[in-house]
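Just so you know, the protein sequences line up as chains A and B, in that order.
According to this note's numbering, the residues represented by the first sequence are 100 to 385, in order.
According to this note's numbering, the residues represented by the second sequence are 2 to 222, in order.
Bear in mind the hints are in silico, worked out from the structure with no lab data behind them.
Given the structure is predicted, the values throughout are model-derived calculations rather than measurements.
Mixed in with the good hints, there may be bad ones.
Short, incomplete list of chain B residues facing chain A, as computed with Cβ under 7 Å [stated by the list, open to error]:
(1) Ala-3
(2) Gln-7
(3) Arg-82
(4) Gly-91
(5) Lys-106
To spell it out: a stretch of chain A is covered by chain B in this simulated footprint if at least three of its residues, at any positions, have a beta carbon under 8 Å from a beta carbon of chain B; those stretches are [claimed, not checked]:
(6) 253-263
(7) 293-299
Positions of the beta carbon are idealized from the N, C-alpha and C atoms, including for glycine.
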Amino acid sequence: MSTFLYVFRELLGAIRARSALSFLLTGLLLFLFLAAVGTFFLIVPSNAAREGGSAAAPLEALHVGLSPRLSSASIDGLYLEIREREDVKRIEFRFAQELDPEATGGLFAIEPAAAIAADDLAELTLYLGSLNGVTDIVEVRASAEANASPLPLAARIGLLLVIVLAAAGSFWSARRGYRELLQTFAGEIRTMRLSGTAERTLFSLLMAFGVLVGLLAGLMLLVVLTLLHYVAAAQATPSAWIEGLRSGGRVFGVSLGNLFLGLLLGALVGLLGTSLIHSREFDPLP
Amino acid sequence: MAVMIQVSELHHSSEDGIKVLEDVHLRVEQGELAYLVGQASSGKSLLLGLLGTHVPPQRGQILVHGRNVVRLSPTRLLDLRRRIGFLPQGAVPMPRTVQDNLMFKLRTLGNYPEQAEEKAILALESTGLIRQQGTDALELSSLDRVRLGVALAICDDPLLLLIDEPFEGLDPSERDEVCDLLERIHTGHPTILVATRGPLPEAVRSDHRVVTLSDGAVTGI
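Input sequences plus hints: build the corresponding full structure.
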């Protein structure tokens with residue numbers, strides 16, 4: 100066994116009930132942090148749900164294509180005729196090149212009256228299609244992405260709060276744990292310093308311990324997500340919000356990402372521990 | 002005879018500017034057992050800290066085993082520190098058995114388990130602690146704590162032993178026992194410098210050099 104592993108084992112052996120509780124709390128809070136971060140990536144609808152949502156998205160406008168052969172007088176006439184309709188809120192002429200550089204001619208961007216019924220919309224479309232010089236009609240709907248997340252705003256704010264509080268709480272409990280652990284290990288630290296152990300060895304020991312806590316939190320989330328994935332995949336009629344959990348690739352990606360995030364947070368926790376060993380109580384000389 | 006410690010024009014002040022050591026000159030030969038005697042706050046512990054490379058020097062020259070402490074790189078300074086056995090004043094052992102105290106130090110210095118055990122047993126035999134090897138170090142008497150401190154200092158075959166106040170809190174017969182222990186150790190370990198408040202125990206042999214430190218300066222050799 101290498102010197103580092105020997106001392107690391109001794110450091111682990113110096114964990115007592117109080118420091119163990121603090122580090123357990125640190126691990127759980129890191130797990131909570133990672134779970135909240137993971138939720139943002141997992142609670143999103145699948146592609147199928149997104150496509151279905153597209154048709155149901157609210158109508159923003161109708162783009163009515165006009166033949167390039169129409170004279171300006173004819174376009175003016177059509178404009179006035181359409182504007183008079185009750186089911187039209189606003190009409191605007193645009194050059195087709197504004198939307199597509201390859202296109203020619205012009206188009207009317209028509210905003211239907213608010214809360215137009217599906218039948219009325221069909222009637223409006225039919226009417227517009229029957230006009231002379233109209234080449235095509237395109238329904239422009241609100242972006243599906245904007246309404247993609249099934250998480251309400253309050254839930255998203257709640258998750259953000261959980262992330263901030265869990266991070267702060269884990270650092271607080273890690274500091275407590277390290278302080279208690281180092282008090283138990285103070286004699287060993289003094290002996291190591293007295294006998295010429297490099298400071299970087301002490302630094303690496305405490306960093307390694309922090310990384311271990313972060314790694315365990317990340318692994319715990321990986322296990323929980325894998326279990327949830329199998330539960331979600333087994334459901335015949337899953338609700339929309341667990342769609343993300345049914346995708347094995349997405350669960351694996353999120354788990355792996357969170358594992359790295361856990362290691363990073365663990366390193367930060369370790370860094371916090373190393374900041375405590377500069378106290379005078381660990382000086383080898385009185 | 003080769004020189005183990007050579008100190009010249011050594012000055013040192015505390016953080017608040019009080020002069021603790023002033024123009025200290027000291028020479029200890031290889032194989033010598035010398036006593037550094039001085040009142041409390043005379044700078045003995047600081048001098049030992051400087052010699053043991055635990056305190057960075059401010060002004061002056063310190064040569065230990067031919068190496069200039071002032072100019073050594075951090076890595077070489079650690080290498081030198083590993084060759085110096087140091088027993089600080091009022092050292093408290095680690096909360097583990099006597100033998101495990103030694104094993105911990107030896108393992109952290111890179112000794113293999115068998116090698117560490119062998120060295121630990123040897124050090125315990127030299128200091129007369131072999132029977133207490135399984136005892137919790139915190140339960141040891143004051144005298145045995147000094148013995149353990151000495152065992153810790155000698156266990157990895159150091160070139161130099163620096164021992165600070167080994168007689169503190171001991172009765173006269175125990176002080177004589179520590180003197181006997183130092184004499185025994187001295188036969189196997191070449192150079193020992195012992196700092197003490199004095200007066201020296203009766204068992205100290207008259208042929209050992211006694212250096213007096215007063216108000217931060219060497220006043221008598």
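Taking the hints in turn, this is what the structure says about them:
Nearest Cβ of chain A to the Cβ of B/Ala-3: about 22 Å, over the 7 Å cut. The hint is violated. The interface hint given for B/Gln-7 is broken, as the beta carbon of that residue sits about 21 Å from the closest beta carbon of chain A, more than 7 Å. Evaluation of the B/Arg-82 hint against chain A yields a held restraint, the C-beta minimum of about 4 Å falling below 7 Å. Proximity of B/Gly-91 to chain A holds as hinted, the smallest CB-CB distance being about 6 Å (cut-off 7 Å).
Checking B/Lys-106 against chain A by beta carbon gives a least distance of about 5 Å; that is within 7 Å, so the hint holds. Chain B is given as covering the stretch 253-263 of chain A, and this is violated because 0 residues of the stretch bring a CB closer than 8 Å to a CB of that chain, at least three being needed. Here's how the stretch 293-299 of chain A fares: 5 of its residues keep a CB closer than 8 Å to some CB of chain B, so the rule of at least three is met and the hint holds.
Hints 1, 2 and 6 from the earlier list are contradicted by this structure; the remaining hints agree with it.
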